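Q: Using the sequences and the hints, build the whole thing.
Chains L and U are the protein sequences, given in the same order.
FYI, our numbering numbers position 279 of the first sequence as 279, with every residue one higher than the one before it.
FYI, our numbering numbers position 2 of the second sequence as 2, with every residue one higher than the one before it.
The hints are all genuine.
Over the 10 Å line for every Cβ pair with chain U, so calculated as not near, a few chain L residues:
(1) Trp93
(2) Pro105
(3) Glu151
(4) Leu255
(5) Lys264
(6) Glu265
(7) Thr323
(8) Asp354
(9) His363
(10) Asn486
(11) Val582
(12) Ala604
(13) Gly735
(14) Glu740
(15) Glu748
Computed list of lysine-lysine pairs in DSS-like fashion (alpha-carbon distance at most 25 Å, straight line):
(16) L:Lys202 to U:Lys81
(17) U:Lys142 to L:Lys698
(18) L:Lys295 to L:Lys687
(19) U:Lys114 to L:Lys698
(20) L:Lys202 to U:Lys142
(21) L:Lys202 to U:Lys146
(22) U:Lys142 to L:Lys596
(23) U:Lys11 to L:Lys220
(24) L:Lys94 to U:Lys81
(25) L:Lys94 to U:Lys88
(26) L:Lys195 to L:Lys94
(27) U:Lys11 to L:Lys221
(28) L:Lys694 to U:Lys146
(29) U:Lys142 to L:Lys694
(30) L:Lys596 to L:Lys557
(31) L:Lys698 to U:Lys88
(32) U:Lys146 to L:Lys699
Honestly, the hints are just simulated from the structure, not real lab data.
As the structure is a prediction and not an experimental result, all values here were calculated from the model.
From the three backbone atoms N, C-alpha and C, an ideal C-beta is built for every residue, glycine too.
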Amino acid sequence: MTTVNTKLNRRSFLKVSALAGGGMVLSFSWLAGCKPSSEEELLAMPKEWFELNSYIKIGDNGRITIFSPNPEFGSNIKTSMPMMVAEELDVDWKNVIVEQADFYPERFDRQFTGGSQGIRQGWKPLRTAGATAKAMLVAASAQTWNVPASEITASNGQLSHAGSGKKAGYGEMASLAATLEVPEEVTLKEIKDFKIIGNSKKNVDGQKIVTGQPMYALDKKVEGMKYAAIVQPPAFGMRLKSFDKSSISGMPGILDAFEINVFKEDYARNFFDTTTFPDKIAIVGNSTWEVMQAKKSLKAEWEKAPDTTFPMAGRGGQANNVTIPGGLENTSSHKTKMAEYIQKPGNVLRKDGDPEGAFKKAHKVLERTYTAPFLAHNTMEPMNCFADVKGDKAEIYGPTQAPDFISGTISQAIGIPKENIQINLARMGGGFGRRAYSHHLVEAAIISQKIQAPVSLVYTREDDMAAGVYRPTYSATYRAALDENNNLLALHVKAGGIPESPIHANRFPAGAIDNYLAEGWDLPSNITIGAFRAPRSNFIAGAEQSFLDELAEEIGKDPIEFRLELLKRAETNPVGENNDYVPSRYAGVLELVREKSNWNTPKANVSRGVSAYFCHNSYVAEVVDTVIKDNQPYVESVYAAVDCGVVVNPDAAANMGEGAIVDGIGNAFFGEMAFENGAPTKTNFDKYRMIRHKEAPKKIEVHFVENNEDPTGLGEPLFPPVFAAVANSLYKATGKRYYEQPFAPQLEMQNLRM
Amino acid sequence: MATYNLNINGKNLQVDVDPNTPMLWVLRDHLDMVGTKFGCGIAQCGACTIHLDGNAVRSCQLPVSAVTDAQITTIEGLSEKGDHPVQKAWIEHDVPQCGYCQAGQMMTAAALLKSNPSPSDEEIENAMNGNICRCGTYTRIKAAVKTASQNQ
Ligand code: FES
Ligand code: FES
Chain L
1 MTTVNTKLNR RSFLKVSALA GGGMVLSFSW LAGCKPSSEE ELLAMPKEWF ELNSYIKIGD
61 NGRITIFSPN PEFGSNIKTS MPMMVAEELD VDWKNVIVEQ ADFYPERFDR QFTGGSQGIR
121 QGWKPLRTAG ATAKAMLVAA SAQTWNVPAS EITASNGQLS HAGSGKKAGY GEMASLAATL
181 EVPEEVTLKE IKDFKIIGNS KKNVDGQKIV TGQPMYALDK KVEGMKYAAI VQPPAFGMRL
241 KSFDKSSISG MPGILDAFEI NVFKEDYARN FFDTTTFPDK IAIVGNSTWE VMQAKKSLKA
301 EWEKAPDTTF PMAGRGGQAN NVTIPGGLEN TSSHKTKMAE YIQKPGNVLR KDGDPEGAFK
361 KAHKVLERTY TAPFLAHNTM EPMNCFADVK GDKAEIYGPT QAPDFISGTI SQAIGIPKEN
421 IQINLARMGG GFGRRAYSHH LVEAAIISQK IQAPVSLVYT REDDMAAGVY RPTYSATYRA
481 ALDENNNLLA LHVKAGGIPE SPIHANRFPA GAIDNYLAEG WDLPSNITIG AFRAPRSNFI
541 AGAEQSFLDE LAEEIGKDPI EFRLELLKRA ETNPVGENND YVPSRYAGVL ELVREKSNWN
601 TPKANVSRGV SAYFCHNSYV AEVVDTVIKD NQPYVESVYA AVDCGVVVNP DAAANMGEGA
661 IVDGIGNAFF GEMAFENGAP TKTNFDKYRM IRHKEAPKKI EVHFVENNED PTGLGEPLFP
721 PVFAAVANSL YKATGKRYYE QPFAPQLEMQ NLRM
Chain U
1 MATYNLNING KNLQVDVDPN TPMLWVLRDH LDMVGTKFGC GIAQCGACTI HLDGNAVRSC
61 QLPVSAVTDA QITTIEGLSE KGDHPVQKAW IEHDVPQCGY CQAGQMMTAA ALLKSNPSPS
121 DEEIENAMNG NICRCGTYTR IKAAVKTASQ NQ
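A: The structure is reproduced here in structure tokens:
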């Protein structure tokens, strides 16, 4: 049993009444949203709700509303976060209504979706919220029945006192409970007593999704709303010079066109204030189609941007100047420059033993270089936002992973204090990191303020794909020194990218090799980058795990056995300090995937590859089976073993894992963004190849290690290992190693169909 | 601008729009039926899929003037109570992640099952290939199509 001090997250327990004067109104859409299905006996809607804390309202009839605090981008936290509250509150899940909370920093901690941290960081606070409300219901019954609280049991929405035979539903005690003091300490359940956590619950929005009900920002419509589109520079390194409004005035449905600027001169940007084109043109009209037509006719002049320097707020609150170079960049010159860097020394990030000496002594050196291009996120729903700015108040309803990071930017852009800006969290049509950078919200707010009307802003796919904030392009060179008996003497990795290095210097195989050197480098660029599902790991895992595969072959060992030996070394006699992984848990997923995939007895005609990686506090190993049929390689099966601690919602967790695997296969084969004279060469799905039904694996199995560890990340960790598992299995199929992502062009050169 | 009488989900509806306006935007902006989604605008992603006389079409490439008296079905009209076999199967397999592509996926799947009630794996893949799911729910979609095929 864990006892937790509720003071730690006190703000969740503020009563709404105390804040009612603050101008924040919670939106309750349950009447439209949660139609009880007729097959189940469900409680009706209550006449009155009582609020026990930020997360929980209980109806007079026992119906429960749980607020899901974080923005939903498809990882299903809108179901799994409330499950954690419901577990400790101890209620029947079918009587729970889930409501998306608005952005409300006075009531909720960390309303941020990203870094695979939602469940991990919500684990204690959300359960505490449930346990606290339960304790208050127990206290209310004790008071009502005049018996000691310790003799009352609360379970499944019912309170009972065995001695007196008294019983009541939560609803009957809710009004009194809501007035009681919040207990200072509560006790959380033991894992073995869980009834909801660990039992799959269906997506609470499933019925809404399959019936096409409005739930995304783009679906919002209000009286008098106008539509807006943007026109942005055609290339990185370009900026707006001027435009001719008369080129579109008079077009049907067009009301106005003007320049918008996301940042005021002296504003110190924060780390998430990445936007490629802070200055652009907005076109406003009566319908989406009309503004999209006007976009094509608008005459604008662009000019090359010089080097630009702006202040960026540092961690201590101090602003540093950041400089973005001018110039029109090309993928071909990126490649040349990156190749040059491989020959130069990098910044030493970690050094164990005497790697230089070991390489001098080596009988044999294996050296390989891996590269990967920029990637566009391509969320299925393009950037968009609804905004209604009136006087000194603003209402924003937009797809954002990080409302907290953008609220200050909105505030400086429209000159309205943060407290008067209400950001409501729309369901997102995908995020993948892209919507941690939410300048589409700022743009919509500026447009609404300027036209004095509510507005729905939408990017075209072309705007979205060309707007940057990409996954960076990277390169990594691995070298291994072997003695005459094929013993591994040293390992050296030097990796960099534009504009950041992908190295995590303290991760495996650091800690397992006596002589180890990690170096990083980076090259500046004006092509903007941002978090993309498992930043940095999404490249370095592929390079490292492909190299280890080749190294195992060189040494003559089974690839899983080879990794397990290294992990054994890291566990029993670790090299160096700060190794940031637990070797036994790492080994655990390799062992599990070996068992589940029947590693030693693959099916005939399949070629298999393995890979494992640790990131976002979780361990994942994957085996990919590739088949070549009619001269076409495809992934037949994928087996994944995952250690992410306790799994809250297993089927949804498996879904997330399957998605990450498909995402990895797609990007390994096809994902690529390139540039010519600063302009992206692909701006829609006709050129930017996405994985489709035919290329998806026929079967994916996701197996979770069963343990009682606190939950860790899930949305990201299954993604990075896929790249090497695919490359290693393709090697078995074709006899060629794959060093350069995406793999499809090389496969085509081998006369395979892709 | 011109006036069009449209038959959508069994109802007669009138709009006054430019003849070139794609049905996608007629539905979303003018008729407030927002279940049909915008993904690419160039018939490459399938998010905007609707039925035109029972066939799956990309509404982003279908000008309102080309509809004439054809019957249109959108996700909102796929079933009255949200219980079309495809919708039920999608719930059973808990298919959606972000959900944005799913209306288009389901409309394509429903049209496929109408013309071919028990499709093979390959037929499912071929029919569904125009519908991108960025979240990667393909294996669940395929399983759901099979379930729907058995339960119709
Ligand atoms: S929006 Fe019509 S196919 Fe993509
Ligand atoms: S569920 Fe997100 S795009 Fe398909």
